[in-house]
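Position chain B relative to chain A; hints supplied.
Those protein sequence lines, which keep their order, are chains A and B.
Here the first sequence is numbered in our numbering, starting from 16 and rising by one per residue.
Here the second sequence is numbered in our numbering, starting from 16 and rising by one per residue.
Any given hint could turn out to be false.
Remember, identical chains collapse to one label, so a pair may be satisfied in a single copy or spanning two.
[Said to hold, decoys possible] The calculated lysine to aspartate or glutamate pairs, modelled on DMTMM-like cross-linking and capped at a C-alpha distance of 25 Å, are:
#1 K335 - D295
#2 K192 - E129
#3 K67 - E306
#4 K328 - D60
#5 K286 - E557
Worth flagging that the hints you see were computed from the coordinates, not collected in a lab.
Protein chains: 2
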Amino acid sequence: MAIRQGSLREKLLSVKGYPEPGLSVVESNDEDLQRCCCSRRVICDKIASFVKSLIDVFGKAVRMGRSDPRKIVFAAKMGLSLVLISLLIFLKMPLKELSSHYVWAILTVVVVFEFSIGATLSKGFNRGLGTFSAGGLALATAELSVLAGEWEEVLIVISIFIIGFLATYAKLYPTMKPYEYGFRVFLLTYCYIMVSGYRTREFIHTAVTRFLLIALGAGVCLVINICIYPIWAGEDLHNLVVKNFRNVATSLEGCINRYLSCIEYERVPSKILIYQAADDPVYSGYRSAVESTSQEDALMGFAIWEPPHGPYKSFKYPWKNYVKVSGALRHCAFMVMALHGCILSEIQAPEDRRQVFRRELQRVGIEGAKVLRELANKIKRMEKLGPVDILSEVHEAAEELQSKVDRKSYLLVNAESWEIGTRAKVQGEPQESLKLDDEENEVLEYKSRSEAVLDLRSVMHTNWEFHSSNIGMNSRRIPDIPPEMKKQISWPARISFDADAMPHLEKSKTYESASALSLATFSSLLIEFVARLQNVVDAFEELGEKANFKEPIDQSAMEAALLPIGWWTRLRRLLKF
Amino acid sequence: MAIRQGSLREKLLSVKGYPEPGLSVVESNDEDLQRCCCSRRVICDKIASFVKSLIDVFGKAVRMGRSDPRKIVFAAKMGLSLVLISLLIFLKMPLKELSSHYVWAILTVVVVFEFSIGATLSKGFNRGLGTFSAGGLALATAELSVLAGEWEEVLIVISIFIIGFLATYAKLYPTMKPYEYGFRVFLLTYCYIMVSGYRTREFIHTAVTRFLLIALGAGVCLVINICIYPIWAGEDLHNLVVKNFRNVATSLEGCINRYLSCIEYERVPSKILIYQAADDPVYSGYRSAVESTSQEDALMGFAIWEPPHGPYKSFKYPWKNYVKVSGALRHCAFMVMALHGCILSEIQAPEDRRQVFRRELQRVGIEGAKVLRELANKIKRMEKLGPVDILSEVHEAAEELQSKVDRKSYLLVNAESWEIGTRAKVQGEPQESLKLDDEENEVLEYKSRSEAVLDLRSVMHTNWEFHSSNIGMNSRRIPDIPPEMKKQISWPARISFDADAMPHLEKSKTYESASALSLATFSSLLIEFVARLQNVVDAFEELGEKANFKEPIDQSAMEAALLPIGWWTRLRRLLKF
Numbered sequence: 016m017a018i019r020q021g022s023l024r025e026k027l028l029s030v031k032g033y034p035e036p037g038l039s040v041v042e043s044n045d046e047d048l049q050r051c052c053c054s055r056r057v058i059c060d061k062i063a064s065f066v067k068s069l070i071d072v073f074g075k076a077v078r079m080g081r082s083d084p085r086k087i088v089f090a091a092k093m094g095l096s097l098v099l100i101s102l103l104i105f106l107k108m109p110l111k112e113l114s115s116h117y118v119w120a121i122l123t124v125v126v127v128f129e130f131s132i133g134a135t136l137s138k139g140f141n142r143g144l145g146t147f148s149a150g151g152l153a154l155a156t157a158e159l160s161v162l163a164g165e166w167e168e169v170l171i172v173i174s175i176f177i178i179g180f181l182a183t184y185a186k187l188y189p190t191m192k193p194y195e196y197g198f199r200v201f202l203l204t205y206c207y208i209m210v211s212g213y214r215t216r217e218f219i220h221t222a223v224t225r226f227l228l229i230a231l232g233a234g235v236c237l238v239i240n241i242c243i244y245p246i247w248a249g250e251d252l253h254n255l256v257v258k259n260f261r262n263v264a265t266s267l268e269g270c271i272n273r274y275l276s277c278i279e280y281e282r283v284p285s286k287i288l289i290y291q292a293a294d295d296p297v298y299s300g301y302r303s304a305v306e307s308t309s310q311e312d313a314l315m316g317f318a319i320w321e322p323p324h325g326p327y328k329s330f331k332y333p334w335k336n337y338v339k340v341s342g343a344l345r346h347c348a349f350m351v352m353a354l355h356g357c358i359l360s361e362i363q364a365p366e367d368r369r370q371v372f373r374r375e376l377q378r379v380g381i382e383g384a385k386v387l388r389e390l391a392n393k394i395k396r397m398e399k400l401g402p403v404d405i406l407s408e409v410h411e412a413a414e415e416l417q418s419k420v421d422r423k424s425y426l427l428v429n430a431e432s433w434e435i436g437t438r439a440k441v442q443g444e445p446q447e448s449l450k451l452d453d454e455e456n457e458v459l460e461y462k463s464r465s466e467a468v469l470d471l472r473s474v475m476h477t478n479w480e481f482h483s484s485n486i487g488m489n490s491r492r493i494p495d496i497p498p499e500m501k502k503q504i505s506w507p508a509r510i511s512f513d514a515d516a517m518p519h520l521e522k523s524k525t526y527e528s529a530s531a532l533s534l535a536t537f538s539s540l541l542i543e544f545v546a547r548l549q550n551v552v553d554a555f556e557e558l559g560e561k562a563n564f565k566e567p568i569d570q571s572a573m574e575a576a577l578l579p580i581g582w583w584t585r586l587r588r589l590l591k592f
Numbered sequence: 016m017a018i019r020q021g022s023l024r025e026k027l028l029s030v031k032g033y034p035e036p037g038l039s040v041v042e043s044n045d046e047d048l049q050r051c052c053c054s055r056r057v058i059c060d061k062i063a064s065f066v067k068s069l070i071d072v073f074g075k076a077v078r079m080g081r082s083d084p085r086k087i088v089f090a091a092k093m094g095l096s097l098v099l100i101s102l103l104i105f106l107k108m109p110l111k112e113l114s115s116h117y118v119w120a121i122l123t124v125v126v127v128f129e130f131s132i133g134a135t136l137s138k139g140f141n142r143g144l145g146t147f148s149a150g151g152l153a154l155a156t157a158e159l160s161v162l163a164g165e166w167e168e169v170l171i172v173i174s175i176f177i178i179g180f181l182a183t184y185a186k187l188y189p190t191m192k193p194y195e196y197g198f199r200v201f202l203l204t205y206c207y208i209m210v211s212g213y214r215t216r217e218f219i220h221t222a223v224t225r226f227l228l229i230a231l232g233a234g235v236c237l238v239i240n241i242c243i244y245p246i247w248a249g250e251d252l253h254n255l256v257v258k259n260f261r262n263v264a265t266s267l268e269g270c271i272n273r274y275l276s277c278i279e280y281e282r283v284p285s286k287i288l289i290y291q292a293a294d295d296p297v298y299s300g301y302r303s304a305v306e307s308t309s310q311e312d313a314l315m316g317f318a319i320w321e322p323p324h325g326p327y328k329s330f331k332y333p334w335k336n337y338v339k340v341s342g343a344l345r346h347c348a349f350m351v352m353a354l355h356g357c358i359l360s361e362i363q364a365p366e367d368r369r370q371v372f373r374r375e376l377q378r379v380g381i382e383g384a385k386v387l388r389e390l391a392n393k394i395k396r397m398e399k400l401g402p403v404d405i406l407s408e409v410h411e412a413a414e415e416l417q418s419k420v421d422r423k424s425y426l427l428v429n430a431e432s433w434e435i436g437t438r439a440k441v442q443g444e445p446q447e448s449l450k451l452d453d454e455e456n457e458v459l460e461y462k463s464r465s466e467a468v469l470d471l472r473s474v475m476h477t478n479w480e481f482h483s484s485n486i487g488m489n490s491r492r493i494p495d496i497p498p499e500m501k502k503q504i505s506w507p508a509r510i511s512f513d514a515d516a517m518p519h520l521e522k523s524k525t526y527e528s529a530s531a532l533s534l535a536t537f538s539s540l541l542i543e544f545v546a547r548l549q550n551v552v553d554a555f556e557e558l559g560e561k562a563n564f565k566e567p568i569d570q571s572a573m574e575a576a577l578l579p580i581g582w583w584t585r586l587r588r589l590l591k592f
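Chain A on its own, in the form it takes in the complex:
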């Protein structure tokens, strides 16, 4: 949005540079006629483009209304409160003698009327407190200043400076930020009463009038905002948390599918490289969950002002725990982010090796996403976890992946370049091995003896095949590159073209080994993701306990009801294949 502000400003600045019509009146008649036609055409074009942009704006407005009808309701409510307050002023009711200060009532409606009820209450409270305390202080100072006699004006001016200084300084203190608006109202009220009172000598009248009219405006706001189609910040927070869970689940699945189908970025969108919003569904999924921190905090700040309503039945409802659950989810989302980093990286594991772990990786991904979706549904329906351990499946899948990695870890390393292997052939680098501690050396000795018998040529051969198949695979990459894409990180390029002592072959091997290790990284990040799920479940259970979620509906009874269809479907599937 800040960018938009900039662009508008630029537009405003560039207006000055426009060619002004009607500058060339001194030209010949013929040209005049042409110009006239021209200018008429220009005017027509302008009208057409104006109408077009009007239709465009209308279209956008309709789309916004469809995507969130509450916005239309809110705008209508705002219009209604303004009408109501205007009518009260027109009809000079209910406080006839106050109507010359009606501006405060309008101001209150315009300022206090917010989208959610929590925000309205919070602002109303700020406004009330600010007005009330400033009013009291102003009356006290006014009494004092009258006693001061001829120094009255000086006293008033000094008091305004001191109060202005203190209130402004206090509102800069970090924990005072939610009361920022209250401090502003405080200052305004104090100055207004002092100045107005000095002019009219009606300090008390001014203060009371102002307070009553603000109360009137706030009353109209609250009645209309709460009684007609209330919009709750708490509900928004609840939905936001659910949405975050679903987004991370989608991202996780997307990451693993892309990794296994080897869809690489030919060029990484530059927006991802500078962490701005981009269209990539995998990226935007976890990004929205990571970025929602401030939105959650704001919604929580409003939600705690809201009275019990709908399914949120208790006073002191644990809104904080919703934010906690979302924070725990974020801790998981960072692992999905790191997984995505493996896809973004230029060093990629060969496709064939990925396929060896396909089943296990996919299973962990599916089970992980299932857990996240299940939790999302539980939060949505406000249900506790059942007696079944929600994590057992995903933990089992992760264990399976781990043991597969364990059994096949030779695929993750490049045995040919092991120091112990080459040492048997080349009798160089004694310094290096001397530096190692004794225990290490022992292993090396053992290894080097045994390794000498180990024929590694076949592995090397296959590695090269893997590598070339990886290069051949490039044709599978996403084909069309939009112009806003940026050149990819030039890491392996550096490795290949750097002119130092290492021969080219060794570097290729290093690249190869790095590429194989990248698969190990992907698996261990995925396992770490699974480990972090426990934390989310713990946070969820705490929320369920504090918010009094209902016990889950008996699953077995539901399954029993669905069983015949289940069997029928399975049978049909069996017949099909």
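Quick look at chain B alone, frame taken from chain A:
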């Protein structure tokens, strides 16, 4: 801050529950006396605690002022503008007949006076535009409504509803968010002029008066805010980006040092698990860089309003590129976050194995942090990069690490559990190998033949030693656990205590292998971090180009000047060792 708001509200609610003094007057005299003493003591205590909290608040205020003296200046400027506007009203100058509407001038000062000049200009523009357009529209509607005769009131009320609806609906459109304040002012002005004009029949007078007084208030604001000790949002943005670079560098170094000295979290602070601010320096370093997105956007939104000043000499200064550089840094910071994840994880590589890579890991860490600090200094001094490639050292270090990992990758895997090794002994699981594609099978056959000769007992033995030394190492962990710490993720616990078919020994091995792979993960994340640095350097170069950074001071000349001292120091060091 939202939490604070909550706590205040809770405090306010709990006030009701206080025991009221003076409820027990019907008791005996003796008790009365005691009670009197008691209440006197209570009052004394209360006064003492009040004085104490007052001193506390004062201390906090002094500390805030010391850490950022601009806050004091800003508060004093605010006081000064209020005094100035009050004096203008007192002296009934310069527009005598307007002084009955002085409230608008005070309101403008209170609302428009913001911390930075950009913010003040942006708000002032919003206020001016809102007032001006609403004034025009209101006058037009007023003319129309007069023509409507007896339907005038109906027309006014309907117009208020329509304008209220449209303006509120428009401000909800996402790209309109920076103009939110403008829409509010628009609504207020429109309603005020309509209502006031209807009452006094002085539509034009009201509109013009209001506009002039707002202009007066805004003028006072701008003059004081710009002429006395100006505070620029652009400068803040510049410093914020520099600070982010330094924080990430500190985090990176901290991560690597902790990893190498095996300082593990006995219990991970629960704040990290739910991604809230915590004291941990490694965590807070990268967190502040990751979390500064919204602050940067806000500062950029203000900075583009600021006229050229100080070192930012051009119109259309590329503030956007500062945000871009910071975004690219954030992309790196996510890798530091993932590195920190390796320390947070319960599955840890054995210390002895980490020590094998100590020199390389440390070098990458030091060089990486050096690059970040160097970039921070360059941005701070607004200098371009020199002819020397800033990344050459860190790339070399990363290559060294990679080749070390390559040579010693047998330390990263657990060869004893390789399928191909066990197959030679156990003739089981033929299904598994059948599923693999032919090429894979070929490798396995080759491997199994060669592996049969390979003596793996020694590796196994040493692995167990590593493992036990890892357990013994626990005594090095941070000893005291504050109560707000939470139980760690129960991942390996699950593995050990789960009662399924796998025997206990195999599980331990799986854990062991996972722990060794964690070292591989750490290294490859570190290498990915280095790869992402290129992206930061690119963004920096773009910034340097667009913002016209100066050419760097000739380093060799400076070094030549420093050379004698350098040599002397080196000599001394040589003599010392």
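Is it within a copy, between copies, both, or neither that the alpha carbon of K335 lies no farther than 25 Å from that of D295?
-> between (31 Å within a copy, 22 Å between copies)
Is the C-alpha distance from K328 to D60 at most 25 Å within one copy, between copies, in both cases, or in neither?
-> Answer is neither: 59 Å inside a copy and 39 Å across each miss the 25 Å cutoff.
Evaluate K67 and E306 at a C-alpha cut-off of 25 Å and name the case that applies: within, between, both or neither.
-> neither (35 Å within a copy, 40 Å between copies)
Between the shortest in-copy and the shortest cross-copy C-alpha distance, which are at most 25 Å for K192 and E129: within, between, both, or neither?
-> both (18 Å within a copy, 14 Å between copies)
Intra- versus inter-subunit Cα pairing at 25 Å for K286 with E557 = between (37 Å within a copy, 15 Å between copies)
The structure does not agree with the numbered hints 3, 4 stated previously, though it agrees with the rest.
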